[in-house]
Amino acid sequence: MINKEVSSPAEAVADISDGASIAVGGFGLSGNPIALIEALLAQGTTDLSIVSNNCGVDDWGLGVLLGAKRIRKMTSSYVGENKEFERQFLSGELELELTPQGTLAEKLRAGGSGVAAFFTQTGVGTQVAEGGLPRKYAADGTIAVASPQKEVRTFDVAGKTGEYVLEDAITTDYALVHAAVGDRHGNLIFNKAARNFNPLAAMAGRVCIAQVERLVEPGELDPDSIHLPGVYVHRVVEVGTDIEKRIERRTVSEEA
Numbered sequence: 002m003i004n005k006e007v008s009s010p011a012e013a014v015a016d017i018s019d020g021a022s023i024a025v026g027g028f029g030l031s032g033n034p035i036a037l038i039e040a041l042l043a044q045g046t047t048d049l050s051i052v053s054n055n056c057g058v059d060d061w062g063l064g065v066l067l068g069a070k071r072i073r074k075m076t077s078s079y080v081g082e083n084k085e086f087e088r089q090f091l092s093g094e095l096e097l098e099l100t101p102q103g104t105l106a107e108k109l110r111a112g113g114s115g116v117a118a119f120f121t122q123t124g125v126g127t128q129v130a131e132g133g134l135p136r137k138y139a140a141d142g143t144i145a146v147a148s149p150q151k152e153v154r155t156f157d158v159a160g161k162t163g164e165y166v167l168e169d170a171i172t173t174d175y176a177l178v179h180a181a182v183g184d185r186h187g188n189l190i191f192n193k194a195a196r197n198f199n200p201l202a203a204m205a206g207r208v209c210i211a212q213v214e215r216l217v218e219p220g221e222l223d224p225d226s227i228h229l230p231g232v233y234v235h236r237v238v239e240v241g242t243d244i245e246k247r248i249e250r251r252t253v254s255e256e257a
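Under my numbering, think of the first position of the sequence shown as 2, with each following residue one higher.
Derived from the structure by calculation, the hints contain no laboratory data. Positions of the beta carbon are idealized from the N, C-alpha and C atoms, including for glycine. You can trust all of the hints, since none of them are fake.
Derived EDC-like pairs: lysine to aspartate or glutamate, alpha-carbon spacing no greater than 16 angstroms straight-line:
no. : residue 1 : residue 2
1   : K84       : E249
2   : K70       : D59
3   : K70       : E85
4   : K74       : D48
5   : K151      : E131
6   : K70       : E94
7   : K84       : D59
8   : K246      : E39
9   : K70       : E96
What follows is a set of in silico ranges between Cβ atoms, one per label pair, in the way DEER data are often shown:
no. : residue 1 : residue 2 : range
10  : A145      : G241      : 42 to 48 angstroms
11  : G241      : P219      : 17 to 23 angstroms
12  : E256      : D59       : 27 to 33 angstroms
13  : K84       : G220      : 42 to 48 angstroms
14  : K151      : V232      : 27 to 33 angstroms
15  : V146      : P101      : 15 to 21 angstroms
16  : Q102      : S8        : 33 to 39 angstroms
17  : A159      : I3        : 43 to 49 angstroms
18  : G45       : D243      : 26 to 32 angstroms
19  : A159      : L91       : 37 to 43 angstroms
Kindly produce the complete structure, drawing on both the sequences and the hints.
Structure representation (structure tokens):
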């Protein structure tokens with residue numbers, strides 16, 4: 002087996018060039034591969050097409066790349082708390098392919114599994130299927146790029162007939178993910194909510210780069226505990242257990 006460890010986040014992302022497409026793990030701010038994102042920011046890579054559930058917040062996660070005008074297009078399900086994301090999209094500076102969350106997850110999983118496309122009921126009867134959703138605005142506020150119409154077919158599933166829309170799978174040049182534990186062969190374990198999109202993003206990238214909080218030797222991980230096998234992972238970099246983790250919106254209750 003190949004030792005996939007690299008010495009630093011900078012080394013891990015060094016070959017990601019301008020114009021690359023990247024699937025990035027994380028859900029809200031949970032499981033963001035922040036060390037890899039900051040290394041990408043530092044090396045100046047630009048004109049990126051990013052696939053991720055959301056785009057961090059204004060000063061953290063993918064938001065740091067967005068704020069530096071390094072992202073050309075986002076494929077996401079949630080604009081969320083990032084005001085700069087909203088501003089760039091509405092001003093025509095950023096292209097956005099808004100995708101239902103479950104559909105986005107399945108598009109990534111399908112791409113990583115070698116499935117070219119799939120049919121789903123999500124979006125039937127809406128602009129998701131019929132087309133016309135704004136993807137990019139012109140400077141004057143008109144729609145410069147709109148989503149295309151998609152194929153809709155009727156299927157009988159479990160005795161129930163209904164319409165389904167065809168969705169293409171997603172594959173990207175690279176994937177950036179965060180895991181709690183990994184070994185030098187690339188086998189990964191994710192912690193709680195960080196498991197939502199990180200494994201799917203990892204599968205979709207032709208080259209997957211994983212930052213891990215703790216790196217162990219091959220054989221130390223219980224095979225039944227591994228969430229993503231190393232066959233999907235090409236580089237692993239240890240970032241330490243004290244890496245900063247943020248909460249998108251902290252909610253606390255008053256003491257009685």
